[in-house]
Amino acid sequence: MAYLVPLFPLIGFLLNGVFRNSLSKGLVGIIGCGAVLASFVVSVILFLDVRAGGALAVQPLYPFIHVANFKIDFVFQVDQLSSLFLLIITGIGFLIHLYSTSYMHDETNDHFARYFSYLNLFVFSMLLLVLGANYVIMFIGWEGVGLCSYLLIGYWFKNTDYNKAANKAFIMNRIGDAGFLLGIFWLLSKLGTANYTDVFANVSNLTPTDITGITLLLFIGAMGKSAQIPLYTWLPDAMAGPTPVSALIHAATMVTAGIYMVARSNALYSLSPIAENLVAVIGIATALFAATIAIKQNDIKKVLAYSTVSQLGYMFLGLGVGAYTGSVFHVMTHAFFKALLFLGAGSVIHALHHEQDMRNMGGLKKYMPVTHWTFLIACIAIAGIPPFSGFFSKDEILAAAYAKNPVYWVLGVIGAGMTAFYMFRLYATTFLGQFRGTEEQKHHLHESPAAITIPLIILALLAFGGGFFNVPAIFGGGQQLHHYLSPVLTAEHEHEIAHSTELMLMGVSVGVALLAAIIALTKYARKPELNEPEGLGKVLANKWYIDELYDNVIVNPLLALGGFFKNVIEKSGIDGFVNGVGGFIQYSSRRLRLVQNGKVGTYILLMIFSILILWLAFWYQATITGFFQKIF
Amino acid sequence: MNSFVYLLDTVVTGNSADYVPIGIQIIFAAGFVATVMIATHLLGPKRKTAEKLENFASGIESHGNARQPLAIKYFLVAILFVLFDVEVIFFYPYAVNFKSLGWYGFIEVLLFVCFFLTGFIYIIKKGALKWED
Amino acid sequence: MNAIIFSAGWGIIMMFCSFLVKNQSSYRHIAAVGLLVLLAANIFDTYGVDFFHIDSGKMLAYTRFGFVFNSIAIASTLIYVLLTGRDIERLGRYTAEFFTLVFFVLCGVCLLSAYNNLLMLFLGIEILTIPLYILTGSDKRNLKSNEAALKYFLMGSFSTGLMLMGIALMYGGTGTFLLESSRLQSNLYHGISFLEIVGLLFLLASMCFKVSAAPFHFWTPDVYDGAPSVVTSFMATIVKVAGFIAFLKLCTVRMSVTSTAIDWKLIFSIIIILTLLFGNITAIFQQSVKRMLAYSSISQAGFMLFALFSMNEYASKGLLMYSVAYCLATIGLFAVLVKMKDVTFEGYNGLAKTQPVLAATNAIFLFSLAGIPLTAGFLAKYYMLASIIKTGTYTWVVVAGVLFAAISVYYYFRVIQAMYFKNGEPQMESFGRSFKLGLVVLAAIIIIVGAFPQALFNWLYF
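Protein chains in written order, with the UniProt record's numbering: chain A, 1 to 632; chain B, 1 to 133; chain C, 1 to 462.
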């Protein structure tokens, strides 16, 4: 039954893609949304099945690569982890699809259908990634989402900047993929299998060096896909795509792939302290670094983008310190509130006719009540204020980080404070104060249609209540998610912190968040930051000049090298050689043709000479062959 | 090298010596022809007249250029004559061995004549021997 | 024996039809029926039903391989007659005689696939070529056709002279005309006669001439180009392949006897390389598709020579495969070429737009000749190369073969380029729907044989 889940979006992709010129918009929307809804329904059934204690289902579909003893099958695996991800992907994916029918309505028919076919393909790839029962199938999906992100970021392909952003995303991802692929090869060469069950059962056959190497290579893949330092720069640029696409990339698919992969491989990571520490350090560094950048961004979507990078950093921190459940939990809650934030931002952008600069917004509270309230809920959730969902998940990670190393915790709390600060800066600048746009924009200001607001409301409910799926023991909660996932996440570290300490930690982090939120609200509600920043602010606004650094250190030298190869080596070397061969053959053709002069006498003479030469060759063949043997 | 030595062996131990008489005969024949030709040229009396340089055409006086286009019929009839003439030669060996070949030989010759006849019928029907148009 | 007698007999029937049947267009139907009868007779013979028990006194020796080849040749001729029958009629008043000569040629083919005696080889070659001299000149009013016929005749008689000389020397050396005989074997114990080797060299040269292998190929482009296209089609395919079958037998039986002492491989490798070189390199610069196909037939001959080089089981199978692939593809190409008013590359411009079916089938034929996978031509080339690799030595010949095959793609694809990627209005003779159908069937056969070669080879055993 598991194969049905990716099958529906695939059918949707094919239908919308093939018949994009003939289908009406309504039909395209129904096919696109319907496909994902159908997957969602199947996912729910699967989830309930697994929850009810259904056995671990590994479903072989067909033999994929069989060469001698080397076997890779096309196998799906439905267990606690994948079924949870299925729910997130298809559920949120469906809401985003629904939202898109309204958001993208201005596109022409065929482009509308193209959009939906890409969207379906995206969901399909992500489902493949999650469902695969070995690393190879995961890699297929992994590449699929990379491709779809490229297609969707460059959806408005007439804009060169957008195309560049799409290229950037793709290339950055490819760099990570190379690492991932090498990791898979290493695994295959050592164990001969890439099936999760076989790999985890045979971990003992690997040397510590192997494990560290494999996990680090896999982590490079995760860095690319989940936008961690140093491969994070593509994600903020990926804002070039339509806003629902950003929501899809940031919330339901793509960036969570890295988390999923590391969580899936927890049995490997837990055996390599080096890899674990690296994951944690990279995670917390990314969390802090991205948060600083987010503080000074003025593009509404850029702020959200950096917040995603930052939140992903938290998730990796959780993975690094062994709080796998916490990370997966954070993936889930983050999916809720980040989708909500993006869709809300989309609603705002839609209402303002593609205005994305916050400095030209403000005071939207009274024009767009639904958007406003849902957005506020999301802000509170991401800031980590109880009892909203973000609090529970983030706090679980922080508690585990404290147990591992208090420094992580301190840095994490600072990051959480910054998160609250930039989110409420965003909220205040956008929704509070006076409207700062043009008169014409003001005239057209209105609440978005139902296809947009309904997903917002649903997501707001989830963002509010999502935390109750895994209430920690300290609040008398049952930790349902923890128990649910425990068969898969075998390497989970059970952190032992006294309840009093934990309460104290929570108090501090919530206090910091609240304080930051209040500062931001009071500071920006009345007097938004309209001027160009200076000093450190300018550095932050320019994202620490990382893009420029990459350009100068990596991209430009590479381009120069490429130019050298293109203009010198290829033109005069390879082209010269290739064309030279062709030219030589053509020349000899012209010469050789002249032997054929049409005179019988010449022909017969030539034939007689040939016979004589053949005779000589025959007579002296021992000498001739000896001569050649001497030469070669 | 192996094969080469082998070839040499054939030449040396083989029957190349057997060809010596043939070689001598060739030289002798060529020498005889040459000698006779040179001798007649030197010894014979020479009287050059215009008539002697004329083309000899069965004693009839020649008219104009010999390379005149002829009707294809001449060639056709001539070539057909040669064809059938050559075929008839096969009867000579048969005539010589008439007795020893017996009835089997007789049937074979009959078959041969039948084929012969088909060709002849074809020629007649195609009008190859029709002289007037 | 069936095929030999039936082909000669039906030839005579066709001859008589020329004045018994007045309707011009019925000749090709009679010929087609005749070919069907011939095919049936040969298949009967294949499975041991011989209508005429004639003792040839070891002059002929029938093999399953020879019968299968006969069937291929007859079937190819049938396809040839069906596809180009109308165009033969346009050649002149002597349609019936044309078919007569075709039947006589087939008689020669059947002799060549079964000869066991050097005289029979000579007889077969002569029965094969003399009708061809006439066919080459069958476009009587065309000066080029006449020139080609005369050239062919002059050079052909020269090579026949070489062949007779060779046979005479071989007789002198061994005292027998038979390909295999106890006397030959016993003579060999005393060392191979010098005359035998010289004779074989002469025979080799003249056979190379017949199959247009370099450096005895000079007649080929001129004759193929000058002859009427319908004749070229026949001459370049069935006749040439029959020559190869005869050549293969000569090599495997007579030369291999001597090969214990003498290595023929160097001579053959020289001939192969020269043939591939002349055929491929010269084809590149041609402007006429017809002349290009003439050169391509030389280069294909180069590949068929591989079989003579290696002389193993792969070789004979491969040669059979090659004869199917090469004959069918070339017949198809010529069938379309005959319909073209302009046979230069420009004449094909834009064919894909006006005649998509013709262009598509033509492309498949060209793919097969170029040896693109999934066509019979690929497998044929594969078997040829594999046969040399099996011999274990002379792998550089394989390398050269592959390189030249790559070059050949250039001139074959020029036609495809003209048909598909250039604009133009090709002028064509009229043709019916059955013609198109025939081409499609031909293309289908090429692909089916390419996909299931066992269907062909199984015939060798069952």
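Hints were generated in silico from the structure; no laboratory data involved.
Since the structure is predicted, the reported quantities are computational estimates derived from the model, not experimental observations.
Warning: the hint list may mix true and false statements.
Which residues of chain C face chain B? A few of them, derived with a C-beta cut under 8 angstroms, are [as the list claims (entries may be wrong)]:
no., residue
1, Ile12
2, Ile13
3, Phe16
4, Phe19
All C-beta atoms, glycine included, are put in the ideal place defined by N, C-alpha and C.
Here is what the structure says about each hint:
With its C-beta approaching chain B no nearer than about 6 angstroms, C/Ile12 sits inside the 8 angstroms limit, and its interface hint holds. Below 8 angstroms, beta-carbon pairs count as interface contacts, and C/Ile13 has none with chain B, the closest being about 10 angstroms; its hint is therefore violated. Taking 8 angstroms as the C-beta contact cut-off toward chain B, the hint placing C/Phe16 at the interface holds, the least distance being around 7 angstroms. Nearest Cβ of chain B to the Cβ of C/Phe19: about 4 angstroms, under the 8 angstroms cut. The hint holds.
When each numbered hint is compared with the structure, a violation occurs for hint 2 only.
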